[in-house]
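**Student:** Single-letter residue listing:
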Amino acid sequence: MNTHALEFRNVSKVYETDGGDRLAALDEVSFVIEPGKTVAIVGRSGSGKSTLLHMAAGIDIPTSGDVSIDGQLLADLSEGDRTLLRRNRIGLIFQFFYLMQHLSVYDNVALPSMIAGDAPGLVEPRVMELLERVGMADRSRDRVQKLSGGEMQRVAICRALLKRPRLLLADEPTGNLDDENGRMVMELILSLAREENGTLIYVTHSPDFAGMADETMQIHSGKVIA
Amino acid sequence: MIRYFQKALGAHFRAGRSLYVLTVFGVALGVASVLSIQIINRNALAAFEGSVTAVSGEADLSVLGLTPTISETLYPEVLATEGVAAAWPLLRVEVMLNRGELVQSLERRVFLNIVGVDFYAPLNLPWAGERNEEPVSSGPDRIGHSWLWEEGWCAVSPAMADQAGWSEGDTFDVSLGSRTTKLKVGALIDFQALSPLASPKLVAMDISQAQALFGEPGQIHQIDIVLEEEVDEAAVQAELQSRLGKSVRVVTPAQRGEQAEGLLSAFRLNLTALSLISLFVGLFLVYSSTQASLIRRREEFGLLRSIGCTPRQVFAIIVGEVALLGALGVALGIPMGYWVAEANVEKVSATLSNLYLLEEISSLELPWWLYAMGIVIGIGGATAGAILPALDISRRDTRSLLAAFTLHEKIGSLAPKLFGCGAAILTITLVWYLSFGHTWKHAGFAMGVGLLLGLPLMTPLTVQATCSRIRVRRFSLGYSLRGLGVRLQTTAFAVASLAIAVSMLIGITLMIGSFRTTLEVWIGTSVQADIYVAPTSWRGKGSEGTMDAETIEVLTRHASVVAVDRLRGFIGYSSMRSNEDEWVNHRIGLAGVEMGLSNGDVRFPLLQGDRDEAYRRSTEEGAIFVGETLARKLDVWVGDDLTIHTPGGPRPFPVAAVYYDYSTEGGAAAMDLRTMVEAFGPGGINSVALYLQVGQDPERVVDDLKASLPDAPLQIRSNRRLREQVFRIFDQTFAVTQLLKGMSLVIAVCGIALMLIVLAREQVSELALYRSIGATRQQLFRIYVGKGLGMGALGLLLGLFGGILLAALLIFVINRAYFGWTIQPSVAWGAIAQQCATILGAATLASLYPALRASRTPATELSRENL
Amino acid sequence: MPVCILLLLVALPLGGETEWRTAREDYAWSFPEDHWARDGYKTEWWYFTGHLEAETGERFGYQFTIFRVGLVGDRPEIASSWTAKDLVMGHVALSLLPDPTGRTAATTGEGKNGGRHRFSEVVYRASALLGGFGTYPDSLIAWCRPPAGTEGDWRLTWNGTGFDFEMKDDGRGFEFALTTRPIKPMVFQGPDGFSRKSHGTTSASQYYSFTRMATEGTLKVDGRTFPVTGNSWMDKEFGSNQLGEQQVGWDWFSLQLDDGREVMLYLLRDKNEQIDYASGTLVDASGETRYLTRDEFDLSASGTWTSPDGITYPSGWRLLLPTADIVCDIEPELADQENRSSIVPTMRYWEGAVRVTDTAGQGLGQGYVELTGYGDSSRPAL
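Chains as they are written, first to last, in the numbering used here: chain H, 1 to 226; chain X, 1 to 867; chain Y, 1 to 382.
Think of the hints as simulated: they come from the structure by calculation, not from any bench.
All of these numbers come straight from a predicted model, not from anything done at the bench.
So the derived label-pair ranges between C-beta atoms look like this: (1) X:Gly165 <-> Y:Glu77: 30 to 36 Å; (2) X:Ala254 <-> Y:Gly57: 47 to 53 Å; (3) X:Pro76 <-> Y:Gly363: 41 to 47 Å.
All residues carry an ideal CB built from backbone N, CA and C; glycine is no exception.
Turn these sequences into a full structure, and let the hints guide you.
**Tutor:** Now the structure itself:
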């Protein structure tokens, strides 16, 4: 029984195209990531980075092979259990932020707790703490439509961290931001992940940002090549 | 372009099956509801016309009485009139078919229309052979004049014979008044061969037997006339009218049709208006589904535009697609409408005979123009619903189509303005009505239209304002509602269409409830006797259904009876001088009662007139009481005279009082029995009301009376039973209305389902996000059910508002203008609560499938699109 | 032996309860009462034909017939004025005859209401409102309403010595009121008024005639009134089964010869157009009758006439009756004297005025001829 934060063992994911062709998004991928590590995944578009991240979040399930988180084999979990795992132990950050337009900054951050049914009173300090740390506390009542891209991503980071996830997954978090904002966001993610003692895996195109991680994993045509 | 259209259509249909199915269904329901009502309306008239055609098909003119019967001595007069090529007398009586049990429930009575004809007159009757036999060429060859001498000889339609299992030679009992008569099936006459819509319940007898068994000596009902070719029809008509006198009218078949049409116009108009509301709701559905599908496909259109498609072509693609859906809806809606009509024709038919004393509808036909109407409504309506969104999309520039769509915000910012418009429409309509609109007969409908336009316009802001006030603390109902306010574009339509349907539902429920309560109060005062006795066959129509003297004697002699009220009733005609200075006849119900009955004065709750004075004048001066409906229709009030046709000619009767009357729509008047005898000649009593000694149990006396008149075809009912029956008829009368309510609710609920499916599609990414950050499927399912419930609640809220306005409109404006009924408003809380629960339940039900679809959204959908 | 075309209209009642009386050789005649309706017989008719002439020279042939068709033996006991035991049927025809002298310049005949031969008909149930039959000794024998569109009644009455009758049909534009007075006594057609119609005994009728009656009255055609005088022939016949089963029609001749004699002939035809039965009566100038047998006379058609409907009738005959020293030609005054019923569209028969001449064309007398059962559709539907 290992206690890796994340382990992929011979994981393959094959999609069937409309024409009946089979397309391997991941091909016999195996790796382990230890708790507390930060790992950057790099590779070209279509190399399988996002698929890998979805597997890690339990959103998608492999065609073959095993994925385990904190030693828990995802294949052993029901769909509902995987949802709960995501709810409580995984935080997700996206390229397009995915904020709810109709909710305020505060409510967007608090959304995971709403979904989990946590008592609103207990959640509030945590929300404010996170917003404080990303410098958005004074905007908590604002509608998210009014925010800039960088601000949106900072709110999204707060949402991802709200439940103190053990595993933080970020899919090109800077992809939709300019360099300056990108760097600020990247630094914020790394520092918060480290402060929260979480394991962080992020996908990026930028060698600069990739260099900020403890480890780098390169993917090419569905295979880990470094 | 066409090729693209075909290819794209197939692909979109596969991708959005449920969306399209719901759209088609919405159109189909809209078409079906309008069509079914039109079918019923059309056939209500056709039933009348069909029977007219079967009996008087060849006639160019008919002589009809303005009194219950006409003297047969008019027949030779008609024959002697120049220009008449042939004429024959008719005697028409409605009798009840006795089927085993003597006392039948009112609803299950079967009436036969006896037509007494002169078999030796030049009639072309389609004699039919025995079942499965070749038709015979002419009757007398085979029948040998049995109609003259064989007692009870009659000819029935093959359809009736089949239905009742009769063969030639079989006998059956019919009753008219307190008499029971045995008739014998002597031959078959296929009336339907003359007119497919003729009632199969027509029964032909020789006029001699019909008169002896069911009529009065020397009296007939009608004379049909065929004119010589090339004579001036109008001149002969005028000549006949002056020759025969004022107590008859000489009319063409078209004029008879018009008369029935006029009689039913209010009834038909109301049903049509209600069905149009269903259609309106259906069009909302089309509009919003078009809108939804366009939002989904905006990029496709952007792309088409960018590769050189003209706005016109884009417009054509959109409208073409919707027209196709409309066509599918029509294909589904026409049979559905027919089916709905068929399923309900019996109820409408009952209403026609209860309320209008007209022919029952026994079969349905669908003339070509009804198909055409269905097609126009379905395709035209759908296209109309799509035109605005299509114009909007086609006029947009390519860049804004390819960029993220901003219509949501647009409608959000428009919401206050729309609300203002809606409120303005309501206000303007109201002000218009109060200032001058109220003098116009159709003002009520104009206001209804105002309401139907105003309410939807007010919906977006209401939804927005309500939803934005909700504080979201949990991922539950509040969260669902909050989301509704954001997707105004989609939700406002669903809510608005539901609101319209609910308005109709609540408005009609309130109206019917109020009417029912009013009726209860009215019956409470006017139905005072302890026991009511009437022949089972009596429907207030003919004068022939009388009770014989011995029967009345038996009833009166019972030890517990202290007072007896006798009623003689028939259809008569009043005569009014119109604005154009012509005499216009109105069909009215005439009742003769014992005006002098002690304590009988409560029978007529008076709207106008001094009670004591009115009763004194009715017994001493031959004055009459006029029912409210008639008073309003003819504008005849206390102090005026009402001219009524009597066998001695038109005669003015002073009006002593106006009473609340809910018995017929056509209007009624009552007079003392002695006045009636004096004016109309002696005649039988049609029903009897018995007052018992205090403390007697009416039910026990009813049993006594039944026992002493064992075989009499009488309905002997206690006060309580009579009331129950009155309400059964009342409920039956509104059965179709209930159906229409139901249909528009179904359409509205479809709207909710549709909108939720649209939402589930639009919000794929959002749903995926929820899934990815840990929302379970059950949670998403609940969120969506919550949305459905939320839309239901909002629709209900607005609908309650609209419904109360509509009810007020129906009660105070429309009913008064069209039917002349004063209805006291009252709220049937129970019914309203029940309907609210139904609406919310239906909304919830409607959201189950979309919720299921939403909950199945995979988290992997996330990366596909922006939120 | 006039028309029993009403068999077209009314067949024998099947399974009816009425037992009709039949003609008998020993019928006990009683006059004048027997001029009135004889109940119990299925059919009965009063049949007048004649030639009339106006003062101004216009010549007319007329037919006035009232039929009684028994529906049931007794009036049903039903409390209605519409109940009836008989039908009353009237057939009236007027022929506007050509004027050989040319004096009248053919001023009548092609009016808007019809041609030179006009036919008017009515059928009503015999009921208080529509028509009926009187009883002796009231003068009224029969009456009925005129055709629709016309005022007044059609009536047949007994005036003490002869018959008066009147009719009116505004639609066809003619009316007349005539009074008759027998010039010669009444004669029985057949021994004791028993007229056999076939070789069996069953088909027969009671039959008598006034073969020559002075006639006068007024006649109105297309608005013009003519005082007229002339000569009529009257038949009264009643019975319950006049035709043999195999018979399809008949030819009937009534001839009034200028020498004071009258001849009545009837020939019943079978399905093969062969004469099935024939007989006749010769009345001499004094009124004595002699009944003629089939082999006593020869009647051969000399021409044909085809109706608008395509029915071909014989038209013109040569009669040889050597035992009475009669050789004559019988020529229709008008070719088209066909009565075409509109009430019973299949009912068609030829009934018209004829002229009797010697073989050289010299006038010998006048008469009426009836031809029934010609053409498929006009055959009685037996």
